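J.: The lines below spell out each chain.
There are 2 protein chains.
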Amino acid sequence: MSRHTVRAAIIQHACGVDYEENLGRSIQGIEEAAAGGANIILLPELHTCLYFCVEAHTRYFDLAEPIPGPTTNRLGEVAAKHGLVIICSVFERRSKGLYHNTAVVLDTDGGIAGRYRKMHIPDDPGYYEKFYFTPGDLGFHPIQTSLGKLGVLVCWDQWFPEAARLMSLAGAEILFYPSAIGWDPADNPAEKERQRDAWITVQRAHAVANNLPVVTSNRVGHEADPSRATDGADFWGSSFICGQQGEILAQASADKPEVIVADIDLDRTDEVRRIWPYMRDRRIDAYQDILRRHIDDE
Amino acid sequence: MSRHTVRAAIIQHACGVDYEENLGRSIQGIEEAAAGGANIILLPELHTCLYFCVEAHTRYFDLAEPIPGPTTNRLGEVAAKHGLVIICSVFERRSKGLYHNTAVVLDTDGGIAGRYRKMHIPDDPGYYEKFYFTPGDLGFHPIQTSLGKLGVLVCWDQWFPEAARLMSLAGAEILFYPSAIGWDPADNPAEKERQRDAWITVQRAHAVANNLPVVTSNRVGHEADPSRATDGADFWGSSFICGQQGEILAQASADKPEVIVADIDLDRTDEVRRIWPYMRDRRIDAYQDILRRHIDDE
Chain A
181 MSRHTVRAAI IQHACGVDYE ENLGRSIQGI EEAAAGGANI ILLPELHTCL
231 YFCVEAHTRY FDLAEPIPGP TTNRLGEVAA KHGLVIICSV FERRSKGLYH
281 NTAVVLDTDG GIAGRYRKMH IPDDPGYYEK FYFTPGDLGF HPIQTSLGKL
331 GVLVCWDQWF PEAARLMSLA GAEILFYPSA IGWDPADNPA EKERQRDAWI
381 TVQRAHAVAN NLPVVTSNRV GHEADPSRAT DGADFWGSSF ICGQQGEILA
431 QASADKPEVI VADIDLDRTD EVRRIWPYMR DRRIDAYQDI LRRHIDDE
Chain B
181 MSRHTVRAAI IQHACGVDYE ENLGRSIQGI EEAAAGGANI ILLPELHTCL
231 YFCVEAHTRY FDLAEPIPGP TTNRLGEVAA KHGLVIICSV FERRSKGLYH
281 NTAVVLDTDG GIAGRYRKMH IPDDPGYYEK FYFTPGDLGF HPIQTSLGKL
331 GVLVCWDQWF PEAARLMSLA GAEILFYPSA IGWDPADNPA EKERQRDAWI
381 TVQRAHAVAN NLPVVTSNRV GHEADPSRAT DGADFWGSSF ICGQQGEILA
431 QASADKPEVI VADIDLDRTD EVRRIWPYMR DRRIDAYQDI LRRHIDDE
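Sequence lines, in order, name chains A and B. Counting in my numbering, the first sequence runs from 181 upward without gaps. Counting in my numbering, the second sequence runs from 181 upward without gaps.
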């Protein structure tokens with residue numbers, strides 16, 4: 181009996197000020213991946229613009245667009261042309277003064293299979309996302325496509341095991357994390373490596389703990405901080421695809437545009453879970469306090 | 181201002197059929213670690229006996245003991261002698277026909293600071309723990325000692341992010357995982373490495389996701405399966421200590437008895453959390469389904 185496999189690709193690229201150039205880079209990568217037989221494509225977070233959250237300024241809300249809108253229309257055409265599933269990232273304008281950081285899944289017919297609005301919103305120097313993005317209100321629900329049920333999350337979500345677990349419990353077959361994360365140029369090499377390694381490790385662990393493949397994209401390149409409050413960011417690339425035991429199947433460099441591709445065997449999830457049956461043994465009778473902010477001393 | 185540090189040690193050793201020899205190995209390692217200035221000691225899971233769960237047989241219940249009992253008394257004396265905190269592992273006889281896989285924390289005065297009864301119980305060929313151990317009924321509560329609040333879990337718990345998170349929310353300063361895990365000698369080298377790496381990765385990720393140090397012990401050596409149903413197990417050692425970003429501070433070999441030691445800076449948790457503030461951003465309004473076994477299609 182043939183196995184249920186997909187060929188996943190990640191388009192890792194740099195981003196600049198020009199929307200057309202950025203979208204062109206995304207589409208060029210998709211065409212290359214399609215030529216290589218890929219059928220599920222993950223783009224980086226906010227891949228049509230600079231990572232504007234480096235500073236808090238109202239002018240950047242002009243970059244937002246509705247869904248459906250220009251980006252999902254253009255990428256929908258690419259998806260339909262090649263019969264691909266594409267996971268793209270959109271600065272979503274939902275209403276006047278209401279914006280989200282949203283991932284959109286385009287199905288092989290070019291239509292919108294579903295969207296995920298980033299639930300966990302970061303906010304720290306150079307990553308002022310709480311200024312721009314209202315926290316997602318759609319919850320953690322995998323999106324059904326013609327190639328499988330996809331657990332799409334976004335960047336900061338990757339640090340939260342709860343998000344991966346909820347997608348897994350709801351039947352996600354693969355976890356996806358479009359990301360935009362980089363180094364503070366002022367940090368020393370050891371700190372930089374600890375951060376990048378922590379980022380890889382925590383996501384590989386979502387694969388391990390849920391017996392699910394994980395596909396994680398990031399951008400590359402240095403982007404300056406127009407406010408000069410920080411030294412900007414060196415986005416660390418390192419996009420990767422790992423299997424159900426967290427084993428790396430493909431990984432990109434830290435600093436170059438790349439298209440990486442890996443075949444993912446979806447049937448391995450059931451096989452691995454038979455001998456590593458975490459889902460059988462979860463103590464759901466004893467997890468209530470997960471819903472608390474902190475468990476203060478009695 | 182001086183920083184709050186502890187020197188943690190792990191005693192990695194093999195286990196045989198003789199209780200006195202096994203406990204002697206544990207104590208010898210503790211003495212060595214104490215001589216090196218360690219003040220918190222982690223022993224492997226069920227370190228006074230062979231890993232009897234390789235088969236299911238009623239005779240092994242004779243190995244169980246009460247708490248307090250012979251092992252906690254003996255190790256309590258060692259703890260008091262050197263002013264150490266010792267985390268040991270006991271096959272606990274709680275009542276007639278009621279047994280647990282329990283970790284006991286002995287404080288620097290030799291008294292019992294608290295116990296943790298393994299909450300997640302594995303059961304697969306060669307690891308028939310559900311036959312022996314009633315799942316813990318004490319929940320996930322850190323144990324206060326004179327050296328800090330310790331989040332003590334046991335082996336199979338290490339695959340469940342919920343357990344680490346609950347300990348973290350309740351104020352644990354370090355996570356500890358006494359373990360007994362090994363390879364099926366019949367598996368090929370690539371599968372063995374995937375398993376060992378997954379085991380390391382998922383625990384390092386508990387450090388990352390909770391900004392907490394993790395201390396994980398394991399035994400070494402081959403143990404046969406008296407039932408001959410399996411080829412027994414090659415316990416893979418690899419005990420390790422990692423810091424708040426999952427960075428490895430010390431790691432033992434896969435096959436040799438060793439005492440490993442690392443200084444842990446407990447003040448780093450607050451520092452790392454200031455710039456990686458996951459606890460601030462957890463979506464506790466949207467995690468309810470964590471309490472479900474599975475989210476079935478509507």
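Calculated directly from the structure, the hints in this document are not laboratory data. Hints may be right or wrong, so weigh each one.
No distinction is drawn between identical chains; accordingly, a pair holds when it is met within one copy or between any pair of copies.
Claimed, not checked - Straight-line alpha carbon distances no greater than 16 Å define the calculated EDC-like cross-link-like pairs of lysine to aspartate or glutamate that follow:
(1) 310 with 411
(2) 261 with 245
(3) 276 with 353
(4) 276 with 465
(5) 372 with 427
(6) 329 with 242
(7) 329 with 477
(8) 310 with 461
(9) 329 with 476
(10) 276 with 245
The structure presented is a predicted model; accordingly, all values stated were derived computationally and were not measured.
J.: It remains to establish, for every hint, whether it holds in the given structure.
T.: To see whether the hints hold, each was checked on the structure:
1. Taking the closest pair of Cα atoms, residue 310 and residue 411 never come within 16 Å of each other, the shortest separation being 20 Å inside a single copy and 55 Å across copies.
2. Neither within a single protomer nor between protomers do residue 261 and residue 245 lie at most 16 Å apart by alpha-carbon distance, with minima of 23 Å and 69 Å respectively.
3. Taking the shortest alpha-carbon separations for residue 276 and residue 353, neither the intra-copy value of 35 Å nor the inter-copy value of 45 Å comes in at or below 16 Å.
4. For the identical chains of this complex, residue 276 and residue 465 are neighbours neither inside a copy (43 Å) nor across copies (25 Å), given an alpha-carbon limit of 16 Å.
5. For the homomeric pair residue 372 and residue 427, the shortest alpha-carbon distance between copies (12 Å) is at most 16 Å, but the shortest distance inside one copy (22 Å) is not.
6. In this homomeric assembly, residue 329 and residue 242 never come within 16 Å of each other (Cα to Cα): the closest approach is 33 Å inside a single copy and 49 Å across copies.
7. Proximity of residue 329 and residue 477 under a CA criterion of 16 Å is satisfied inter-copy only: 11 Å between copies versus 41 Å inside one chain copy.
8. In this homomeric assembly, residue 310 and residue 461 come within 16 Å of each other (Cα to Cα) only across copies, at 10 Å, whereas the closest approach inside a single copy is 37 Å.
9. With identical chains, the CA atoms of residue 329 and residue 476 are at most 16 Å apart between copies only, with a shortest distance of 13 Å across copies and 38 Å within one.
10. For the identical chains of this complex, residue 276 and residue 245 are intra-copy neighbours only, at 11 Å inside a copy versus 67 Å across copies, given an alpha-carbon limit of 16 Å.
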